[in-house]
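Q: Following the hints, complete the assembly by docking chain B onto the known chain A.
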Amino acid sequence: MAASSPNRGIRSIGAHIPTRRLDRAEITATFGKGGGRGTRAVASFDEDTTTMGVEACRAGEVCAGDPQLMALWFATTDPAYLDKTNATAIHAALGVRRPCPALDFGGGLRSGIGALNAALRATGDILVVASDRRSGLPTSADESTGGDGAGAIRIGDADDGPLLATFVADASATEEILDRWRTPGDDRSRAWEERFAESTYVDLATDTFGRALDRADLEASDIDVLVATGMHGRALGRATKKLGVETVADNLDSTVGNTGVAQPFVTLASVLEAATPGQTIAMVHLADGCDVVILRTTDHVAGWSPRRSVADQVEAGSPLTYGQFLAWRGQVEVEPPNRPGPNRVSASAALRRGDWKFRFTGSRDRATGMLHLPPARVSEKGGGVDDMEPVVMADVPGTIAAVTIDRLAYFPSPPAVFAIVDFDGGGRAPLELTDVADPGRVAVGDRVEPTFRRLSTADGIHNYFWKVRLV
Amino acid sequence: MGSHGITDQVAIIGAGCIPFGERWDDSLDDMIVDAAQQTYVSAGVAQDDVDAFWFGTAQSGMSGITMAGPLKIHGKPVSRVENSCATGSEAMRQAAYAVASGAYDVVMALGAEKVKDSGYAGLNAHPIPTDGTNRTLTAAAMFSLLMPAYAERYGVSHDEVRYACAQIASKNHANGVKNPLAQFRREMSADKICGMPAVAGGLSVFDCAGVADQHRRRTQGLRPPGRSVGPADDLRDVAPAARRGRRAPDRPQGPHARSHPQPRRLSRRDGQFRRHLRQRTLLLSKSPVAASHLV
Chain A
7 MAASSPNRGI
17 RSIGAHIPTR
27 RLDRAEITAT
37 FGKGGGRGTR
47 AVASFDEDTT
57 TMGVEACRAG
67 EVCAGDPQLM
77 ALWFATTDPA
87 YLDKTNATAI
97 HAALGVRRPC
107 PALDFGGGLR
117 SGIGALNAAL
127 RATGDILVVA
137 SDRRSGLPTS
147 ADESTGGDGA
157 GAIRIGDADD
167 GPLLATFVAD
177 ASATEEILDR
187 WRTPGDDRSR
197 AWEERFAEST
207 YVDLATDTFG
217 RALDRADLEA
227 SDIDVLVATG
237 MHGRALGRAT
247 KKLGVETVAD
257 NLDSTVGNTG
267 VAQPFVTLAS
277 VLEAATPGQT
287 IAMVHLADGC
297 DVVILRTTDH
307 VAGWSPRRSV
317 ADQVEAGSPL
327 TYGQFLAWRG
337 QVEVEPPNRP
347 GPNRVSASAA
357 LRRGDWKFRF
367 TGSRDRATGM
377 LHLPPARVSE
387 KGGGVDDMEP
397 VVMADVPGTI
407 AAVTIDRLAY
417 FPSPPAVFAI
427 VDFDGGGRAP
437 LELTDVADPG
447 RVAVGDRVEP
457 TFRRLSTADG
467 IHNYFWKVRL
477 V
Chain B
739 MGSHGITDQV
749 AIIGAGCIPF
759 GERWDDSLDD
769 MIVDAAQQTY
779 VSAGVAQDDV
789 DAFWFGTAQS
799 GMSGITMAGP
809 LKIHGKPVSR
819 VENSCATGSE
829 AMRQAAYAVA
839 SGAYDVVMAL
849 GAEKVKDSGY
859 AGLNAHPIPT
869 DGTNRTLTAA
879 AMFSLLMPAY
889 AERYGVSHDE
899 VRYACAQIAS
909 KNHANGVKNP
919 LAQFRREMSA
929 DKICGMPAVA
939 GGLSVFDCAG
949 VADQHRRRTQ
959 GLRPPGRSVG
969 PADDLRDVAP
979 AARRGRRAPD
989 RPQGPHARSH
999 PQPRRLSRRD
1009 GQFRRHLRQR
1019 TLLLSKSPVA
1029 ASHLV
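Chains as they are written, first to last, in my numbering: chain A, 7 to 477; chain B, 739 to 1033.
Careful, some of the hints might be misleading.
[As the list claims (entries may be wrong)] If the Cβ cut is set under 10 Å, some of the chain B residues that face chain A in the computed set are:
no., residue
1, Gly-860
2, Asp-869
3, Thr-871
4, Thr-876
5, Ala-877
6, Leu-884
7, Val-915
8, Gly-933
9, Met-934
10, Val-937
No lab work stands behind these hints: they were computed from the structure. Cβ coordinates follow ideal geometry from the N, Cα and C atoms, glycine included.
Next comes chain A alone, as it looks inside the complex (with noise of 0.2 Å):
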């Protein structure tokens, strides 16, 4: 039965899209065949789909005022580590509190709505994220299709706050089918042939949404948006037209691309932000059988914006060219700059100063107010030792007081961008600065903000830390 109810759904949602693009003509281009018409979106070397999700969050501004999280789930099929769980460092870098659960859910293509289904069936607040990165071998569909990017649903019941979603039905279908799959190890997914499965998830589709209505209560026509998802694109093209709901939403496939797992929380993002009140809103997504969604707008839609709108990030795309995508994929291995490699991260060191390597926490001296960065006992000001206050400042924007640009350093991807920046409200830090479209533009005075991204990776480990994007 139907657990849908107007007290539960959506309280905050965001999405992070990287703002690199591959034009799919350069593909052609180089290879002659593969490619096609617009661009994909590309995580930058510095972003993994830990730091994605933590920047979907962020946009979304998942976890403003004060974080009562209930749990934390974090869904994606390329995650950092196995064995060690993904989600505890997006719970580490939203300052989330200790009793709170932070999980991952498997890797396969169905586990970010089913997570947001579980999420949508339970109790109190549930941090349901789903990050991604697609592509696939040289010259294949999934590599000119794919895309890379993240979205955060914050679910909750209406009682605890305002939102901006309820609700409303959920059906969902399972089918054991063999249409794709990958195995560990596996740089690529593969898939059977397109037009297998096709008329298998068309009435899948159908008839799950057949189900969702009826549990609503509803017809197909009541449906205003359909936010039709999954990586069959053949099935879901004729799914889309048999549904016979008119406004079907954009996918972004012509400029994203295909983030898997975190489709339908971008789309879904994306459509929420344009929302009015009153809407029913349908999700179906097609993986390894069906799960659909309906949810209904509140009239605090109306008023409400992320932090930053997919359509913003859409937007600020700057272009990366084939080679250098390529590289970064590690499809061809591009000679290493001679210099050693990073040193792998101590276990230790970064377990005490979690606070600071994750949530970017400083320390105020109370005496004379000095902002230290990194975080200390003793203040530079005043001497005073062990009277100081911890400060996040993982949400404060900063001035650039100094940048170079430095071409010597191991660098995954030169050349390195480094700036000296003084943050609003004191505190100065070196950082590196990220996401620069043309590193010979930066000057001082320019406005930044923090990001959190993967530094580098030795040993298997890897080091998260935060940087800087220009604002």
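A: Just chain B now, kept in the frame of chain A:
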């Protein structure tokens, strides 16, 4: 304020320095031995006359054994010190204070660096375990941050600041021509330096210090209170010999080995101490723009 200085309490009685360069044929041990021998000759002392040693190296070895080993120092303390680019100054400083304190009569400060065995470009720090949040930019890049900040603060154009830095480097390169021990010994105009490709911010390769193997050291002696230091021309028989070559004197010395004067055992009751006039090696703190300026 408790900082009093040690003027006139310590005399530098000998010094040696081998040429800066990539020195592919020389190991750290080779350089330590050569420069130590040079200094003993310069000061007219034997290794046994030295009461304590300070060894400065930033990234070429750990502990005093790095120096004690090749020199076969027995029964004397050898302290390894490090203070980034001021490591050499640090060794000098500590050795000087040891003499000034009265704890020792004759000490040696020796600095050595063998950077070129790493196979990597540039200066690379030791892998100290951290939480991963340390800044990773190179030394050259760190210094290059000064240029835009200076330009901004004092309202000077970037080109003016950049040219001023190039003039400093050009002066340094000109000084290198006059110094037979310098790594770079060619004049380079400021315009030419400005025209080179940038490696860090506004700095080119020739704005920066070359990465080279080198070392030098001095022997310092104690001047007892009330005694005057001997005239500089006492050194005539020692200093030219020290500059003549960097090979250690053969032992035992026969009457035919005239080019290598036998080091004389220094008696503590000598009323005259020799002061070597090569003051320049006090300027050991290195910065990229001070580069090959050793004079």
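Q: Please go over all the hints and tell whether each is borne out by the structure.
A: Going through the hints against the structure:
no.	hint	verdict
1	Gly-860	6 Å, holds
2	Asp-869	4 Å, holds
3	Thr-871	5 Å, holds
4	Thr-876	4 Å, holds
5	Ala-877	9 Å, holds
6	Leu-884	7 Å, holds
7	Val-915	26 Å, violated
8	Gly-933	16 Å, violated
9	Met-934	12 Å, violated
10	Val-937	5 Å, holds
Consistency note: the structure conflicts with the earlier hints numbered 7, 8 and 9.
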